[in-house]
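Just so you know, the sequences run in chain order A and B.
Heads up: the first sequence begins at 1 in the UniProt record's numbering, then just goes up one per residue.
Heads up: the second sequence begins at 1 in the UniProt record's numbering, then just goes up one per residue.
Note that these hints are calculated values from the structure, not bench results.
Just so it is clear, the structure is predicted and the values come from calculations on it, not from any experiment.
Possibly wrong hints are sitting among the right ones.
[What the hints assert, rightly or not] Simulated restraints, written as ranges between beta carbons of each label pair: (1) B:E218 with A:G54: 17 to 25 Å; (2) A:G196 with B:G94: 43 to 51 Å; (3) A:G218 with B:G259: 45 to 53 Å; (4) A:L199 with B:D268: 50 to 58 Å; (5) B:D268 with A:T215: 46 to 54 Å; (6) A:D80 with B:G94: 22 to 30 Å.
Built from N, CA and C at the ideal position, the CB exists for glycine as well.
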Amino acid sequence: MNRVIAPHRAVVVGRTTTGTSSGMLGRVADRDSDLTAPEPGPTAEELLTRVGTGDRDAFGELYDQTSARVFGLVRRLVVDPAQAEEVTQDVYLEIWQAAPRFDAARGSALAWMFTLAHRRSVDRIRASQASRDRDLRIGVRDLEVPVDTVAEAVEIRVEHERVVDALGGLSERQRECVSLAYYGGLTQSEIADRLGVPLGTVKTRLRDGMIRLRTALGVTT
Amino acid sequence: MSETNGPRDERDRAGSDEPEADSLEALRDAVAAYALDAVEADERAAVERALADDAELRDEADGFAETAALLAGAPEPVEPPPALKSRLMAQLDGLPQQLPDASAPATPAVSPAQVESPLEPPRPDLAPEPAAPRAPGEPGPAEHAARRRWFQRPGVIIAAAAASVVLIGGAIIGVAWTGPNGWGAQREMAAIAEAPDVESSTHEIESGGAVTLYWSAEQGRSGVVVEGLPDVGESSTYELWYIDDAGAQSAGTFDVAEGETWRVLEGDFAPGVAVGVTVEPAGGSPQPTTEPIVVIPT
Numbered sequence: 001m002n003r004v005i006a007p008h009r010a011v012v013v014g015r016t017t018t019g020t021s022s023g024m025l026g027r028v029a030d031r032d033s034d035l036t037a038p039e040p041g042p043t044a045e046e047l048l049t050r051v052g053t054g055d056r057d058a059f060g061e062l063y064d065q066t067s068a069r070v071f072g073l074v075r076r077l078v079v080d081p082a083q084a085e086e087v088t089q090d091v092y093l094e095i096w097q098a099a100p101r102f103d104a105a106r107g108s109a110l111a112w113m114f115t116l117a118h119r120r121s122v123d124r125i126r127a128s129q130a131s132r133d134r135d136l137r138i139g140v141r142d143l144e145v146p147v148d149t150v151a152e153a154v155e156i157r158v159e160h161e162r163v164v165d166a167l168g169g170l171s172e173r174q175r176e177c178v179s180l181a182y183y184g185g186l187t188q189s190e191i192a193d194r195l196g197v198p199l200g201t202v203k204t205r206l207r208d209g210m211i212r213l214r215t216a217l218g219v220t221t
Numbered sequence: 001m002s003e004t005n006g007p008r009d010e011r012d013r014a015g016s017d018e019p020e021a022d023s024l025e026a027l028r029d030a031v032a033a034y035a036l037d038a039v040e041a042d043e044r045a046a047v048e049r050a051l052a053d054d055a056e057l058r059d060e061a062d063g064f065a066e067t068a069a070l071l072a073g074a075p076e077p078v079e080p081p082p083a084l085k086s087r088l089m090a091q092l093d094g095l096p097q098q099l100p101d102a103s104a105p106a107t108p109a110v111s112p113a114q115v116e117s118p119l120e121p122p123r124p125d126l127a128p129e130p131a132a133p134r135a136p137g138e139p140g141p142a143e144h145a146a147r148r149r150w151f152q153r154p155g156v157i158i159a160a161a162a163a164s165v166v167l168i169g170g171a172i173i174g175v176a177w178t179g180p181n182g183w184g185a186q187r188e189m190a191a192i193a194e195a196p197d198v199e200s201s202t203h204e205i206e207s208g209g210a211v212t213l214y215w216s217a218e219q220g221r222s223g224v225v226v227e228g229l230p231d232v233g234e235s236s237t238y239e240l241w242y243i244d245d246a247g248a249q250s251a252g253t254f255d256v257a258e259g260e261t262w263r264v265l266e267g268d269f270a271p272g273v274a275v276g277v278t279v280e281p282a283g284g285s286p287q288p289t290t291e292p293i294v295v296i297p298t
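Isolated chain B (complex conformation) (with noise of 0.2 Å):
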């Protein structure tokens, strides 16, 4: 399970706060309490931000996670009204899912702020309801507003670059990478790069550096090459965005090795959105949280 089998956010809390004055002794009293959900807000994060750096204290968090969750076999199961499962499968296309978080605990790495947020879609079926309470250094409605204000702004999508085709397969493809570029991920890229409709747009950096975005229509798949882009550390990845009218998609993450990297993205390509560049803390977010480097339109 994730998050010590607990729902956490310590991202969104990133930075807010330095370590508390918690001792460890304490932290570890506070362990069990936390994982019956018996802890404040402030002391919530302030476990959670203990669980980030010691993985003897996740273990311990996680094992009274499953025993917490053992007490929820208590309580009589009762059939949910019907209509439930149909008005959640109808809501599903349109709620985009988080990114796979190696580095993080198995407990869902998400908080009531982000999956109330004003980037998703509506949800008009839900009654009004108390406002969920937000733990010091969640977003808040004006951050969700001044992060998605970049995606919207139609200046941003400036005229598309002349289209120019590039055979990158000789240059980029038969170097054993694994991973996100291991071998079905060159293929992909190649295939790409040789698509009959294959188009390719270059855009310079101001901080030094290029991103070229190759895709092709008919495949309705894109790939980026990136060049002499800065190493954002183990904390930070650079990630990708779809991007259209609807707000911006997350196409994966990439870092880079000496500046330079290739990544097919994730998800379908389709002509006329944008794919944007963030840095992003590692292992991604699933709305973007900073201006983008680059922004690419297609």
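Pulled out of the complex, with its shape left as it was, chain A reads as follows (with noise of 0.2 Å):
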């Protein structure tokens, strides 16, 4: 399919090899002029694809690519870090297992590893009673961390920036109902009783925002 999130996928893949690949580009240079470019390395979906046939190497190498950015997922939906790696390390040993299913026409590698994560995350809480309870710092609060603290990355701070900048054209209404729902676990029920407004007007907001994030991250379909 053409569900591409071009300037995502390109920051996400160059971010874990730019390091060795100019360390690598410093000591060839001089003897291979064609050495121009930084090499690119696997993308996430061709080593997934890789992992689908069995592939330990590239699970590893998968997992180096991926695994703080899924871990800090985790932990933003799971706060006990005991539990948050637990849940990632069911997360990986399900990547492995269904690996072989991943169509890469149908979406990106990390999307579908990212919706794995997150489903995790979210049923590992729903399991526990103490969730009910837990506190809403998670949640739209987060996201006003200043960017310069995210992430040493520049990759990782721009893509940060493109989703921050994303949420921000949503209404605060809008902004608030997809917080709680994906970085709080909550389901639209149970939005609604904590903003005591009709779970009817949950559901139009998460679709209204969602579908006006589509556009903004630039997700073609």
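Work from the hints to combine the two standalone chains into their complex.
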């Protein structure tokens, strides 16, 4: 399909390979002038496809390339570090098992992995009664962390800014609902209860917010 | 991505419920919430059933899944503990992979119940955790136990039939089939059939038809030739299994044309394993879900 998020994907792919390839460039540039661009390295799509054939090395490389982002997402949702580590482990085992069913024609590898990680995290916190009372410091507030402290890598900062900008394009009520759902792990019914608004209103805000985000983030269909 | 880029397990729910009364319009509204995992388990199931039948809705769900996944870029990346990677790598060997499923949406087609099912190797390093929520219709431990029972029933593994060498090369090879019966597979099948140590065993099936297994211990490969099997329709498929003390490992699926086909089994053959055939939902299952129509010991 042509559901492509080109800037996002390019950024992500380049992230873990930039350091090593620049170093290699410095060493070999004198004897091979053709090496004017950094080697792109395998994309997450290529790695995940190889994982689907039982390629352990590809799995290791995919893990190196993505684990900090997956763990960061899981930590956001499953606040307890030990549980977040368990969930992350489950997520990667599931990635190994389900990789043969990844279809690059239908979407990006990272979206596939994040979808799985988010689902797993949400299932975990909903299984825990304590989650019903967990503090809502998760959610909207964390998005206001100054960008400079969010990540050292330029690429991640750029990506972060894109998402924050896109969220900034929502109405406050839409942003609140989307954040409570995605970063808070709440169901739409829970959101309605918490905000004291009808369920139908929450559904409308989620849908309108997602449509606006989809456009702002350049997800084409 | 698969499952509209969301984990799904419609197979396990198949037949559990008729489509719910939700109108299509309501389901369309639910797709955005679904992409954010903001739906309850029953609504998740309803959405996934609708997605399976509606390509346009699935397309929209894919777009929302990509959008939601971009939200994952906002949290600060956190390096996981270094031990996690080595722990993961150590577990891969015992963890079977699913079969590709062309008909499934582009999301991981696995449920927590499957991943944590007792059919898989124990993971003693995992701390006890609250039971994962199970959607209605997902297999519970008892169902899993029932499914594995026949694979571990010692009586099933009867004495091996007398080996006989049958040259099937001439009968099988030379037809321009494609896919799993393509040229590469034909060469493999011929190599098995012509191996110096080839053995075979033919088993009649009660409901009609026969399955013949050919195997070569030296090559570590095996293949089946089936005749007279009923067509199981588009929604089902035959699935092959390598069965040993550790359980059942999928060895691929096949469908019959006019009752006949052949297939080189995926994975390595080891002497002493049994080969089983079950009828599974289209696309195959990670673990058998029905009683086998035949089990052939080697």
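Satisfaction of the hinted span 22 to 30 Å by the C-beta atoms belonging to D80 of chain A and G94 of chain B: Between D80 of chain A and G94 of chain B, where Cβ atoms are some 27 Å apart, the hint holds.
Using the C-beta atoms of L199 of chain A and D268 of chain B, is the stated range 50 to 58 Å upheld? 53 Å, holds
For the pair D268 of chain B and T215 of chain A, does the Cβ-Cβ distance stay inside 46 to 54 Å? 50 Å, holds
Cβ-Cβ distance between E218 of chain B and G54 of chain A: within 17 to 25 Å? 23 Å, holds
Could you see if the CB distance from G218 of chain A to G259 of chain B stays within 45 to 53 Å? Holds - the Cβ-Cβ distance for G218 of chain A and G259 of chain B, about 52 Å, lies within 45 to 53 Å.
State, for the Cβ atoms of G196 of chain A and G94 of chain B, whether the hinted interval 43 to 51 Å holds or is violated. Since the Cβ atoms of G196 of chain A and G94 of chain B sit about 50 Å apart, the hinted range of 43 to 51 Å holds.
Consistency note: the structure conflicts with none of the earlier hints.
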